[in-house]
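Trainee: Listed below are the residues making up each chain.
There are 8 protein chains.
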Amino acid sequence: MDVTKLLQEVKDGCISIEEAEKKLKILPYEDMGFAKLDHHRKLRSGFGEVIFCSGKEDEYLVKIFEKFVENETEVMGTRATIDQYQLVKKVVPEIQYDSVSKILRFNREIKELKGCIAVCTAGTADISVAEEAAQTAEFFGSKVERFYDIGVAGIHRLLSKIEDIQEANCIIVIAGMEGALASVLAGLVDKPVIAVPTSVGYGANMKGLSALLTMINSCANGISVVNIDNGYGAAYVAAQINRLAVKNNE
Amino acid sequence: MDVTKLLQEVKDGCISIEEAEKKLKILPYEDMGFAKLDHHRKLRSGFGEVIFCSGKEDEYLVKIFEKFVENETEVMGTRATIDQYQLVKKVVPEIQYDSVSKILRFNREIKELKGCIAVCTAGTADISVAEEAAQTAEFFGSKVERFYDIGVAGIHRLLSKIEDIQEANCIIVIAGMEGALASVLAGLVDKPVIAVPTSVGYGANMKGLSALLTMINSCANGISVVNIDNGYGAAYVAAQINRLAVKNNE
Amino acid sequence: MDVTKLLQEVKDGCISIEEAEKKLKILPYEDMGFAKLDHHRKLRSGFGEVIFCSGKEDEYLVKIFEKFVENETEVMGTRATIDQYQLVKKVVPEIQYDSVSKILRFNREIKELKGCIAVCTAGTADISVAEEAAQTAEFFGSKVERFYDIGVAGIHRLLSKIEDIQEANCIIVIAGMEGALASVLAGLVDKPVIAVPTSVGYGANMKGLSALLTMINSCANGISVVNIDNGYGAAYVAAQINRLAVKNNE
Amino acid sequence: MDVTKLLQEVKDGCISIEEAEKKLKILPYEDMGFAKLDHHRKLRSGFGEVIFCSGKEDEYLVKIFEKFVENETEVMGTRATIDQYQLVKKVVPEIQYDSVSKILRFNREIKELKGCIAVCTAGTADISVAEEAAQTAEFFGSKVERFYDIGVAGIHRLLSKIEDIQEANCIIVIAGMEGALASVLAGLVDKPVIAVPTSVGYGANMKGLSALLTMINSCANGISVVNIDNGYGAAYVAAQINRLAVKNNE
Amino acid sequence: MDVTKLLQEVKDGCISIEEAEKKLKILPYEDMGFAKLDHHRKLRSGFGEVIFCSGKEDEYLVKIFEKFVENETEVMGTRATIDQYQLVKKVVPEIQYDSVSKILRFNREIKELKGCIAVCTAGTADISVAEEAAQTAEFFGSKVERFYDIGVAGIHRLLSKIEDIQEANCIIVIAGMEGALASVLAGLVDKPVIAVPTSVGYGANMKGLSALLTMINSCANGISVVNIDNGYGAAYVAAQINRLAVKNNE
Amino acid sequence: MDVTKLLQEVKDGCISIEEAEKKLKILPYEDMGFAKLDHHRKLRSGFGEVIFCSGKEDEYLVKIFEKFVENETEVMGTRATIDQYQLVKKVVPEIQYDSVSKILRFNREIKELKGCIAVCTAGTADISVAEEAAQTAEFFGSKVERFYDIGVAGIHRLLSKIEDIQEANCIIVIAGMEGALASVLAGLVDKPVIAVPTSVGYGANMKGLSALLTMINSCANGISVVNIDNGYGAAYVAAQINRLAVKNNE
Amino acid sequence: MDVTKLLQEVKDGCISIEEAEKKLKILPYEDMGFAKLDHHRKLRSGFGEVIFCSGKEDEYLVKIFEKFVENETEVMGTRATIDQYQLVKKVVPEIQYDSVSKILRFNREIKELKGCIAVCTAGTADISVAEEAAQTAEFFGSKVERFYDIGVAGIHRLLSKIEDIQEANCIIVIAGMEGALASVLAGLVDKPVIAVPTSVGYGANMKGLSALLTMINSCANGISVVNIDNGYGAAYVAAQINRLAVKNNE
Amino acid sequence: MDVTKLLQEVKDGCISIEEAEKKLKILPYEDMGFAKLDHHRKLRSGFGEVIFCSGKEDEYLVKIFEKFVENETEVMGTRATIDQYQLVKKVVPEIQYDSVSKILRFNREIKELKGCIAVCTAGTADISVAEEAAQTAEFFGSKVERFYDIGVAGIHRLLSKIEDIQEANCIIVIAGMEGALASVLAGLVDKPVIAVPTSVGYGANMKGLSALLTMINSCANGISVVNIDNGYGAAYVAAQINRLAVKNNE
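Protein sequences, first through last, are from chains A, B, C, D, E, F, G and H. In this text, residue positions in the first sequence follow my numbering: the first is 2, and each later residue adds one. In this text, residue positions in the second sequence follow my numbering: the first is 2, and each later residue adds one. In this text, residue positions in the third sequence follow my numbering: the first is 2, and each later residue adds one. In this text, residue positions in the fourth sequence follow my numbering: the first is 2, and each later residue adds one. In this text, residue positions in the fifth sequence follow my numbering: the first is 2, and each later residue adds one. In this text, residue positions in the sixth sequence follow my numbering: the first is 2, and each later residue adds one. In this text, residue positions in the seventh sequence follow my numbering: the first is 2, and each later residue adds one. In this text, residue positions in the eighth sequence follow my numbering: the first is 2, and each later residue adds one.
Hints in this document: simulated from the structure, not taken from any laboratory. Among the hints, erroneous ones may be present.
Derived DEER-like restraints, expressed as beta-carbon distance ranges [unchecked claim]:
1) D/Ile16 / H/Glu168: 55 to 63 Å
2) D/Lys90 / E/Lys112: 56 to 64 Å
3) H/Asp84 / D/Thr82: 22 to 30 Å
4) G/Asp84 / A/Lys91: 24 to 32 Å
5) C/Gln97 / E/Thr5: 47 to 55 Å
6) E/Arg147 / G/Val92: 43 to 51 Å
7) C/Glu73 / G/Asp84: 51 to 59 Å
8) F/Glu58 / C/Glu50: 57 to 65 Å
9) H/Lys248 / D/Glu58: 51 to 59 Å
10) F/Asn72 / H/Ile16: 42 to 50 Å
11) C/Asp150 / A/Lys144: 58 to 66 Å
12) F/Gln97 / H/Tyr61: 22 to 30 Å
Glycine is no exception: its CB is placed at the ideal position from the N, C-alpha and C atoms.
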């Protein structure tokens, strides 16, 4: 390693302090930072690697999965098409695909899922995004409870489940036209609510922008919002929160 | 009246049919339409005259009120400032002003209010718009029940009032940032819900556009929407509906 | 039923009042609310069940219709494709499909349609949305009069029909680029006007947003607005209003 | 003048053709173009000079008017404040100011106004923009007929005036929230309609953008649109059209 | 005709004046207006009938053309696809189709084109819209001069044509991303400029909205704007203006 | 309490089970829910009461603070003006005001702050929002570390602080024009990042919407977003997360 | 040439100076300007000709390339599809196509590339736009260094390359959702940064508008922005800057 | 300095290589980077320090200027109000203020301005932004030529100046409603054009967004864009380019 060698040279008097100092300054940050950031990544790596498959070139996608499988590394792909699945499968027969969440997975040994994240949807049309969130959270080691089709247009559906939802460390709320679910839920729980607007709907929903605005403007306390249809992103935040909550119980 | 006179002339042979026909065709539509539309207006006139005061020139505003008072005609002004009130008051001392709803009123004899319209708000900041709606509806002869500050961030406030709200013939829902209240309410009643987005809020509320979009995109059945802060407009529709509901009971 | 049993246990002294109280509090709201809401739903069920078919999974859609047909329950599906129709037809041969309104219907026995809703369009391109509205309103038991292609660019078409339109209890106005029809009509009738912007048009119509804004900003009294292309939603509100108007005449 | 001199030098053999050619090519376009464009401006100058006063520095504004008055040149200023008027008046006592149209004028000798432009407004709140249009058109030599407060929410007002409006060579339609007036009028006349959206209104009118969109999307034939509140711009186009129509009658 | 008959009956004493008056009032406006509006339409009908083909149902489209051909009436269709052309052609073999302008035409006898409209485009990609405009204007009897690909990014192209353009009675300017052409041209001519934004472009052009805004905000005098890609609409206005200009020369 | 009394009556045989059941069903949800929700509120009440002062009527605002002070209850007001402060101070002299964060506070006894929330800003202009966030989080019992003016335009400022930031349980990132800070930070930490766009800036920042969009679209993992300038909202979520993290260490 | 001939006629006395002057004024600007502009174009022509292929008619596209090849002129086409490539290839077999950048090229002799432009991307999905930029810059004679996938979500990737990037005369930064890269880079270099937002992403990225706004609002000094996905446009500006930087070293 | 000291300790054997390595890794980046970035800043410091005064707290602003003046360091402030000027002047009497550009300056010794930047505006209302740009560029050592009021609505004004503009190394184009100037100019020069949209205008200009879109969508080659009204930002980029162009001539 360069730094080690450099310090040895300083110690040995092979180079002057001034020279060493100069060299240190022009060392690419990465060389120094890399180990640290690597360590940093390791800390996080309980979450495993995730590939955003949408739009990835076929060749590239297959190679990534091959590499992970060779290294026996757990890996997950989001937004994968059936075609991508079949392509990867030719090379990596162990790969699994879930057509609802569009998730590709390799080699998920059974691990103990900890804590609890509640994944709630307003309607049935939001389930695809919800499963992306739920399966991502599970992939990251969180236990997930699913509460689907509890939109506010029929508030009794939500009220009948509220006590179970209150048990979670974090609540993911997924809603399209009916972005209102996040507000109602946040008023009934005391844990962080991660709101995911979906592009479900038509007309003035503007492909999810309306639901996004509804959620960002919510009067209820404890809501923060991720991008439209971004189930993965919500799960990432939720898994971070859930990990903080369960860490000290172990 | 011109038409009568014309027909008389036809009868008397003073003018030929061709000439009469020609004259009829170029008669301003208004002359013919007027009576009819007047009659039409009379039908509606249970609602009384309403002036939109905002931006009206002082001189003009005072004259209008003077004219109505001379004719002993009931009249109401919306979006009036205190300055406008004081101006009108000099000439029409009987005029009344409500600083919350910004409504100017003349000569409202006590009349029996009929049926029922529920006026609901999400928060206390929406009350100004709500009072514009409520007092307009009362001016139009509808009985009004007020349910303020029952926003969905604390759903129990709403649920404790729901049975009273269900009694109304029409529900006006007024909400700013928290446009969600319309969806929740519409899922709990079987009467038309008129939703009024308000400009209350800050940031991404975009002066009420966010709430407007939330309400337009609602999944709940039975919701229609009026312009931002348009309490008057909602009351007009609600009073029409309420009148339809009570008409046959008399 | 749990509540009954619980109260019996209280009466029998099997459990203490404190325990009963505690149990009551954690009873899912639904259990208590359900009967009530069910009753509530029954009240509304003169309207029958409606399925939003667009985007529904094939398997799920077929099952729903099967279930309703088994129960001899009247059911309607909106936004159905021909493919969905053919799929459902295999299992439910009695199903009917209207390619203009994209409505699937089962078992509509001839029932008496009551009151009157006027369904008006600005152009011929709005007819698909208009038929969704008209047939939905009929499905909900309302009599419907259709006034198509009476847009304001040729005002005489509208004026020649205005007296018939004035007879209705509620007017649905469907217009795309020419959102102006709602304003003109509302000025000529004294009943509620439900405006439906459509996505018909091109360029700066922004898929219906322009028409939506025109309608929301209308100066005419008595207009409220539903989502772009939402014929179903307008019909729901109109049928509620029409029901209020006819209820007391029976 | 350079070109004259240059040609003289060519004629006199003082410079070679090649040199002259080269010089001609590097002559600033303006030098050549100026006369032509000046001539061009003269052709148009039946319209007189117009100053956009809004935001102009006081000193600059006063100087401009002084200069015109010295030259006995007719001049008009739009969007002038009362303060600007009083400032200019100190130096140019003959200046006139109209507080409705916010127009400053100097020395408008009585000239014969020709042809006819109809200036129509939907409401009374649009009159300020309408007067800017009407007085500009008059300043440019066009005869103007005013038809104010004939918005479509009371269609009979418009219909009673339509035959007079049909007499004009060009129709300017000024409307805020109720952008619909342009469509209705264009369907009833066979002359060009210049539509001016105004910022009058509130809520979702978005300071005139809604009316602009309504007008741009109009289904009626013969409409073109200028910027929000741009009465001056509409008058300019209308005066051009009116001039084309009257030119050959003289 | 009803009115004639009615007047006869009045004259003959068959009905009283009161009755006649009443009947006159409830006569559909259309009956009276019709003749007048018909006459009005006739005045305009130098322009011939134009069908907006886009989205028209096949069956309906074919019938319209059949009817016109039977009546030997000149007719034009805009936004027609090749498929629509081939469909119509089966029934109306004389129909003609231009694949650039997407215009279907029947039976255009050679008529003398009068006056002059200049149709200008910024780029070659705008030619489709330009041909819609040019051929529509010709169909309406106007002579058209085409000036294509003279966008401001190479100002010399425009300057070399400017004197020819100045000859026209009206200038149509068609530009996509480079909406600037309208401003430059309007500064160089003294006739009305009709600006047509096009959806040509990518990225932040927002399907023509950017060009629309550029044109609406132009500082140059004499510009008015029609909808994105609306070549037909621009031609309609231009032909009205051209007709006014040539009328008195005949 | 009604329920207790009711159960006692059941036990005593004073009312039948059927009657009791019926009464239970029509009991306002609130009565039952209240205790529970109250308890729920108590759980959260470590967070204390917070009043949104902006736009509150003077009289109302003073009363609220008086009530809390009487009850010796800790209370905080956000978005308070100096005028509001002086008004409240007259009645509640112990009230404290911070002019940077615009926060009013009463009676904050020194309590131990736990865990750690990092509050970071891109520039100095974001500090007002940051202090609202920081002081709210402290009010809710969280320890706060401030890292101001570490925007990405000078990345070294951020890098020099990154290790301290990594220690926090949750990171609040506040940035206006430069919404990029959230992405960079989220890539360097493994804890949830709550992003707060601010309205700081000019031009195309659109009062914070640009920063909001930047943050919502961030590619970095672990970011969720609250409304523009909503320091309070971010602090609420962060305090919830921090509480989850520290709970089990006690 | 007309001007030459005209001057000869002046010299020969065939026409008067006045006549010559008049003719000069009406000479199309182009005739005079052309040579000059042509010369101007020649100056720039180190950049070669570039065709924007997207949407070009097949026939036209083939002809353009044929013409250039005949003239042995270097030419490049951007946004070409594979189909367009194959079409052109039939006629111009020497044509080359790069499927990543979608660039068609003819006859690029090896020329020395000068100076240095750094082309940086945030992610791998931006590479297509980056290659359009890089290959265009190379076509225009600039040396290019590529730095791909150095987005700010993993800041170490960027920091490890920064010294190489600092060597360039101009930096092109291409980023989609993560528009933040431009700000970070501009803070680390002292050369102009040309930012290219890309349409890569989903949800609230609004096809690149979010990234565009991020970049336009950047706080960092030295950034200017081109249209979404406009790699070509960025390369044009960068090559101009690079040429200015290297010109004087030769 | 820490690094020096550490290396000395390594050399002296006071700490082991491993320890030194570890310490190096956790050294804040800043400590190492600072010198380098400082050096980097020095390289740029030919540009001097610039303070964005708008919204800065008075106390803070005064201190900054005091500090710079103490250090005899040249400094400039943008967007300063007259009030800020008078405040600073009390402490720093040498401070200078330009009320057009809103620029505060200290101690600008006369230095030689090099190269050339052309600053062009469409109208006179854009001059404030133009002077911010021009004076900033001068402060950064660039020679500036001003070309004001040459908007495209009178193209001859621009054409008469074009040859002077072509002499510059970089052109800044400042335009509000008439964003078109950038396109026209970029077609006439072969140097980079930096376009600055301004908020000048009214109606649909949307405070400069329209001009921004016009410029971003320009078809002309060689244009890049900065934020609305951002004269400073344009000058920064232009000065960087100008410096690159003149560097090698010295």
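Trainee: Determine whether the Cβ-Cβ distance between C/Asp150 and A/Lys144 falls within the hinted range of 58 to 66 Å.
Mentor: holds, 59 Å
Trainee: Taking 24 to 32 Å as the stated bounds, is the beta-carbon spacing between G/Asp84 and A/Lys91 within them?
Mentor: With a Cβ separation near 28 Å, G/Asp84 and A/Lys91 satisfy 24 to 32 Å, so the hint holds.
Trainee: Is it true that C/Gln97 and E/Thr5 lie within 47 to 55 Å of each other by Cβ?
Mentor: holds, 48 Å
Trainee: For the range 22 to 30 Å, tell me whether the beta carbons of H/Asp84 and D/Thr82 fit it or not.
Mentor: holds, 23 Å
Trainee: 51 to 59 Å was suggested as the range; check whether the CB atoms of H/Lys248 and D/Glu58 agree with it.
Mentor: violated, 39 Å
Trainee: Range hint 55 to 63 Å: satisfied by the CB atoms of D/Ile16 and H/Glu168?
Mentor: Given range 55 to 63 Å: violated, Cβ gap about 26 Å.
Trainee: Holds or violated: 42 to 50 Å for the Cβ distance of F/Asn72 and H/Ile16?
Mentor: violated, 60 Å
Trainee: Is 51 to 59 Å right for how far apart the beta carbons of C/Glu73 and G/Asp84 are?
Mentor: holds, 56 Å
Trainee: Per the hint of 43 to 51 Å, is the separation of the Cβ atoms of E/Arg147 and G/Val92 within bounds?
Mentor: The hinted range 43 to 51 Å is violated for E/Arg147 and G/Val92, with Cβ atoms some 28 Å apart.
Trainee: Regarding F/Glu58 and C/Glu50, is the given constraint of 57 to 65 Å on their beta-carbon distance met?
Mentor: violated, 47 Å
Trainee: Does the hinted range 22 to 30 Å hold for F/Gln97 and H/Tyr61 at CB?
Mentor: holds, 23 Å
Trainee: Does the Cβ distance between D/Lys90 and E/Lys112 fall inside 56 to 64 Å?
Mentor: holds, 58 Å
Checked against the numbered hints above, the structure violates hints 1, 6, 8, 9, 10; every other hint is satisfied.
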